[in-house]
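Trainee: Chains B, C, D and E with the ligands: place on chain A using the hints.
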Amino acid sequence: EDVPIGVILGFTGPIESLTPHMAQSAELAMEEMNESGNFLDGHTLVPVRADSTCIDSAAATAAAERLITDDGIVAIMGADCSGVTGAVLSNVAVPNGVPMVSPSATSPALSTAEDNGLFFRTAPSDARQGGVIADILMDRGIEEVAVTYTNNDYGKGLADSFQASYEEMGGEVTLSAPHEDGKADYSAEVGALASAGGEVLAVFGYSDQGGKGIIRSALDTGAFDRFVMGDGMYGDELLADLGQFMEGSFGAVPWSQGEGTEAFTALTEEAGVNGESSFTRESYDAAALIGMAMMAGGEATPEAVAANLMDVANAPGEEILPGELGRALEILAEGGEVDYVGASNVELIGPGEAAGTYREYDVTDGDYETVQFR
Amino acid sequence: MIEVHDLHKHFGGFHAVDGASLRIAPGSITGLIGPNGAGKSTLFNVIAGVLPPTSGRVTMAGEDITGLPPHALFHKGLLRTFQIAHEFHSMTVLENLMMVPGGQAGESLWTTWVARGRIRREEAEIAARAHEVLEFLTIDHLADEKAANLSGGQKKLLELGRTMMVDAKIVFLDEVGAGVNRTLLNTIADAIQRLNAERGYTFVVIEHDMDFIGRICDPVICMAEGKVLAEGTLDEIKADERVIEAYLGTGLKNKAKTEAEA
Amino acid sequence: MSGPAYDDRGNKDRTITKAGQVGQLRAADNRDARPVHSRDAFLIGDGMTGGYGRGADILHDCTIAVEKGQIAVIVGPNGAGKSTAMKAVFGMLSIHTGSVRLGGEDITRLAPQARVRKGMGFVPQNANIFTSMTVEENLEMGAFIRTDDYSDTMAQVYDLFPILKEKRRQPAGELSGGQRQQVAVGRALMTEPTVLMLDEPTAGVSPIVMDELFDRIIEVARTGISILMVEQNARQALAIADQGYVLVQGRNAYTGTGEELLADPEVRRSFLGG
Amino acid sequence: MDFLNALVALSNFVIVPAVAYGSQLALGALGVTLIYGILRFSNFAHGDTMAFGTMGVILATWWLQGLGVSLGPLPTALLALPAGIAICAALVLATDRVVYRFYRAQRVKPVILVIVSMGVMFVYNGLTRFVIGPGDQSFGDGSRFVISALDFRAMTGLQEGLAIRTSQAITLVTAIVVVAILFWFLNRTRTGKSMRAYSDNEDLALLSGINPERVVLVTWLIVAALATVAGTLYGLDKSFKPFTYFQLLLPIFASAIVGGLGSPVGAIAGGFIIAFSEVTITYAWKKVLGHLLPESLEPDGLVQLLAVDYKFAVSFVILVVVLLIRPTGLFRGKAV
Amino acid sequence: MSERIHSGAGGTDRARTVLLFVLVAVLILGTGFVQSWNTALVILNMGLVSAIMSLGVNMQWGFAGLFNVGVMGFVALGGLAAVLVGMPPVPEAWAAGGPRIIGALLLSAGVIALAVTLYKRMTPGRLRAFLVFAVVVVGFFVYRGLLDPAKEAVESVDPAATGYLGGLGLPIVLAWPVGGLLAAGAAWVIGKVALGLRSDYLAIATLGIAEIVIAILKNEDWLSRGVKNVIGLPRPVPYEVDLQQDPAFVERAASLGMDPATASSITVKLGYSAFFTVVLVIILIAAQLALNSPWGRMMRAIRDNETAAEAMGKDVTGRHLQIFILGSALLGLAGAMMTTLDGQLTPASYQPLRFTFLIWVMVIVGGSGNNFGAVLGGFLVWWLWVQVEPIGQGVMSLVTAGMAEDSAVRDHLMDSVAHMRLLTMGVVMLLMLRFAPRGLLPER
Ligand SMILES: Nc1ncnc2c1ncn2[C@@H]1O[C@H](COP(=O)(O)OP(=O)(O)OP(=O)(O)O)[C@@H](O)[C@H]1O
Ligand SMILES: Nc1ncnc2c1ncn2[C@@H]1O[C@H](COP(=O)(O)OP(=O)(O)OP(=O)(O)O)[C@@H](O)[C@H]1O
Ligand SMILES: CC(C)C[C@H](N)C(=O)O
Ligand SMILES: [Mg+2]
Ligand SMILES: [Mg+2]
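Protein chains in written order, with this note's numbering: chain A, 1 to 374; chain B, 1001 to 1262; chain C, 2001 to 2274; chain D, 3001 to 3336; chain E, 4001 to 4444.
Incorrect hints may appear among the rest.
Pairs of lysine-lysine residues, derived as DSS-like cross-links and limited to a Cα-Cα distance of at most 25 Å, are as follows [said to hold, decoys possible]: (1) D:Lys3193 x C:Lys2068; (2) C:Lys2118 x D:Lys3193; (3) B:Lys1227 x C:Lys2165; (4) E:Lys4192 x E:Lys4120; (5) C:Lys2165 x C:Lys2118; (6) B:Lys1227 x B:Lys1238; (7) B:Lys1169 x B:Lys1076.
Footprint (simulated), chain C over chain B, 3 or more residues, beta carbon under 8 Å [claimed, not checked]: (8) 1066-1077; (9) 1143-1154; (10) 1182-1192.
Simulated from the structure, these hints should not be mistaken for lab results. C-beta: ideal position from N, C-alpha, C; glycine also.
Next comes chain A alone, as it looks inside the complex:
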């Protein structure tokens, strides 16, 4: 019997270049569980994609509604952007009692959304990331930065939490200027930022969106040559294009220490999926968690997912890495417990969101180099 799982991501719209990789990663996890043959007897997980558009709440709601009522999905892997995620959650998921696991909605506001215990996320709230990045800067003795963020709940939330922590630690933010994604030109932003000055430019945007545009423009005009970057900026393509000029830049990205990531990288490489793109790890983990929660509950129902997701994600139990989903299912089938580590070192706290460990990296020789984990 098929168990349909909704994969609701913005396949068209401003993050359309990220979402295919995210969806593929999620589907990779489902496939892995199916192929292991250990998933609930005779059941197969079937991903059903739908377009959240990232920005159009109405369209996203309609799509989610359709998946639930028409395709009969049991759980949602998604949505992606915080805005539509909130809409789908309160308009569709909660009324229909379908759990959502978002890989990428990081807005702090979602922590307090009314969710009836149905909302989880494998990405940490940006409230934490801001503190991490402030720490990194302080440790490096940088006390004056200019900040630019993508003008949405993610960027704004991150910039706010960063600025608060940083200023508390005694740092100075010379200017915190938003930028809109997908626009044609960022000269104005860069001009203002350059004028404000700062030792480095903090960029809280997306690596293939305005964030990249800003960095490119800042490099071109010689306004800044070092950058500190948030999670949305992590991406190989950014370095492929601009890495050689960004020597000495650094940043943080939600990451798991060691094995999990490596396993995931190996896995994606083998499957021909781009696993280095943002939020692919979280997507893989989100899908894996949904499957394992069903397994733990012994049935493919929304209730099982909602009830067991925290259990499979957290200790106690055997640690599970990407590629070991089959084994996890086996343990669960036998009534054992697992502690899913996954690609992003999953640890769900409080209202069901990732605690988040961050990898601090340097850009050296046009490549990412891990400094430490925080």
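Mentor: Quick look at chains B, C, D and E with the ligands alone, frame taken from chain A:
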């Protein structure tokens, strides 16, 4: 009725109306003639509030009306026609006329919701009047035709018909005759005289057809190069050398001859 | 991007410019027209019956013809179908019966552009100039199909209408009504056509210009060009006409030489204003 | 007090970027304005036409790069332009044949064409993404800078740097040349005049023996060329991403309209107005003033008229103000 | 007379109208049968809202020829109204800077009023220019001086959860008329400034103003949390969860053979449908009455030829302003309704493509100048917008059906299946306009 004081209208460096002053006597049918490009239509447009004057003043019955918008002038009883017909093309001929009367109750949004009965009565009256006008203009069979589908002359008639929908004080006719059949034009001339005599309308008529002018107009004003060139009865004007040179041409004599022969 | 407002382009004085709609004319589809052949002439619209789109017929068995080097004038009340007949001859009105022949050749099925290339020139009654182009460019467009040097013709047009020379760099849309009419006629003259079709060329032009215009039309006809025109200044027009047609409700009511029609008291009273 | 440094800083962060961005907008606006002027509708598919043409150029560039062809300091993409233009022309002509021609024959109101062009936009949108995907593509090569900030500093010994990118220089030159050619073409050549005649009065154009289909064909060819060139230059300067091209539509339209729809010169002026207003109004003058004023007077704050948050709002305010002063754009009716 | 025009629609026109509306009903019902009733109702509800928006645009464009491309801005103002009316106030934030912000706003209004009066009262000249300029500049700085610290104080009150003043905590349905009023007020200002512009120039001006409205919504956090969004707006209908816990309800659902979750969500949606339908019907009737009366005739005359209408005594500017305000008010009303339906205000979701151009597509495809056309377009195009995704996917799987499982082309195509959505939308739009180039229900 209307007085124009030293009116100027410049388009860039070009002086279309260049210090024209004139007086339209109440109750008259004044003819306005002049060569093409003399500034007649421009003068009309300035008086009717379509174009702002560069300088100068226009008064109507002693009141300064310079720069008043056309719709305000309409309500003061100043109506005009357009040299090139300006019909409401997507509306029927009847609707073209029915929209004219000012202050219709049905033109206020609120009434359309709460006083349908009143609107219906009012509409019946206006429609009756419109049909009369159409009959007079010999185009009543076209009442339900879209105005866009009229012939060139019919559009000019419609243009004239609009001014007949309300009680005006002064009507400016810009070449109503151009493109209108001469037989019908005679009827129109009669109507103008009747409106003038019976209802006391004042008319100002731009026309290039001297017969038409001769039939109804007294006095006649001739403009050239934005200024008033001559003023007087038609005969006086016809005899004026400058007018003949600038406007009538010697052809008129030949024409008069042909006519005498015929 | 509104209908009329959208199309308002380049016209400054909105009281003499008609807020234009998108083109109204369309090339006729006369593929199935039942041909009629009643007599011969250089240009003849023979027994034409037809109307606009799916509406009622406007023309009923209407015949209009002009011989080489002659002047034919169409008169009649407003809405009689004079302009419609002209359009039919020019291939912009579908006729279901009748034929159009030029120099013996049946051109009923030709598109208007093709007729232009066959030597036909046409000045429509309305919207007959390019308002956003200068006077000179309007004239050049008249000569669009000519490949020879047309500066002589242009000089002639300027001679005929001196005001146009003065205003040649001005957008035609800024001209007065009568001046536009002169541009329109000048444009047609630039074509050096073999047949020139004029729909009320003298509407709105001053007497002095009208006289010159008629003189010039006679001259043009003498050079062997056929002229077919609609006129409301009917007495002057018929006075120079070799052939006259009175149309009433889409039918030929009276036909004769210009003099005959002028002499006919019935015609005078009903159509020429007494 | 350091006038030179102030000047250089201003050039580097305001003048050079605004001029380059302005010419990019202008090139796009030229296409929009031409379609508006001659075919009489606002073409919403223009952004995606640019994307499609650029995609053609990118594919050709990759192929050329694969063959090892290069233009030295200039980007190889310039060599690939003809190929892109050809592909783009084929697309727009096919579209015209299949879509627009029908509506032209129907003589529909322009607003219908606007909505139709939106449909076309959706289709192009999908096509481009099907072929090349929604992601970012870089295809620039050659030397990126005419002069980089570092070199400039080294050369002049000034504190501030001035960077001029190759793509910026090419764009500016192209924009000027293209406008000149277009202006000449429309106002001096027979074909150009016939196009203007057609746009003025279709019926009369027909009566003058002008072949409407030919006018339409030529228009689309020019538009395809313009769109491809504009898209490519933009892509070289920034990067290629279909979504951004769609977003470009707004500033492009703004430019075309401020300049006066239908006027090529207006398109250029409009492009610069939009670009300069975006860049200058939100510029923080702190740096420039810092150089100009004696140390004691150096500003503490940013000396910024408005926060960059309102960058787009500001450019639109300027746009509205310009329109209020000149209600039909800067160059209405001068050409086309 | 008006009756004559009214019935002048003619038999075939009326038949066509009925037929097309039946078609839309079939589409929505079909969605109910084939997919699910929830989906059908979601489409219906947004369809109702879209129909109102499209009526608003139709008034402006179809009746009066005003090219408003700022739909998005008015809709967003309606959304703002929902927050300002419906959300509970945040007392801490009010304490931190509420009065100061209100003061600053009042001050700015005063400054503008002063500047305008000066401009109107004084004779033109250097002195006037200087004074007006001085008033505006000084006013601006005083305003900023007052507003900025207050803003900061308000925004720092628990930024992740509140950080704004909140609303009035009134029933959310009140937000609908308020949304209309807010939009109408904005339209009045815009109309005063920009209605002198013609066609495309008005278009770009309204587009620009809409962008400005969105920029304000995105950046003024104290007002509505900016890009941080306001979620969890109160509702005019019960919550599904509450229904599900209501034994009486569960019982009734069971008696109808439905599970409580489905039954509750359908009930809630039907609740919205009822509200929205009432609003739409009232507006439609009012619009029909107005259109088929001398008022409508005058509007058409103005649209056909402003110059002539003006000469015939119609105050074109005044009427334009009137209808611009009216249409915009509808947009604001619909915007507030939509935000209520969504339960949240997300400024970033106001994209011109979705909120301006899509509405225009509705009007044109439906048939501009015809109220029923606009409503029809609203439903039909919205249905499409939602359904093109599955349709696109269906088409794609048809296309790829014949290809080998592992063919690269197939993979490539399946990867980009999401882009079929807009492609399908485009193709369907083109087809519809092909068969009805003047819209499905053209103006007579
Ligand atoms: N918008 C404009 N820009 C420039 N010149 C203009 C404009 N409008 C009119 N003119 C010029 O002003 C002069 C007067 O024009 P007007 O229309 O008043 O003439 P008229 O006396 O009515 O002539 P006609 O008898 O031919 O109608 C003409 O030479 C015309 O070219
Ligand atoms: N586009 C059209 N569609 C439908 N009917 C039309 C159209 N144009 C003209 N008609 C009708 O055809 C008839 C003849 O019109 P036509 O323009 O040929 O008249 P005309 O003899 O030229 O008159 P005028 O002297 O007034 O110019 C008129 O009754 C008119 O209403
Ligand atoms: C995928 C990302 C664009 C999502 C982002 N972190 C958000 O919360 O909106
Ligand atoms: Mg005149
Ligand atoms: Mg005629």
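Trainee: Starting from the hint list further up, note which numbers the structure goes against and sort them upward.
Mentor: 1, 5, 8
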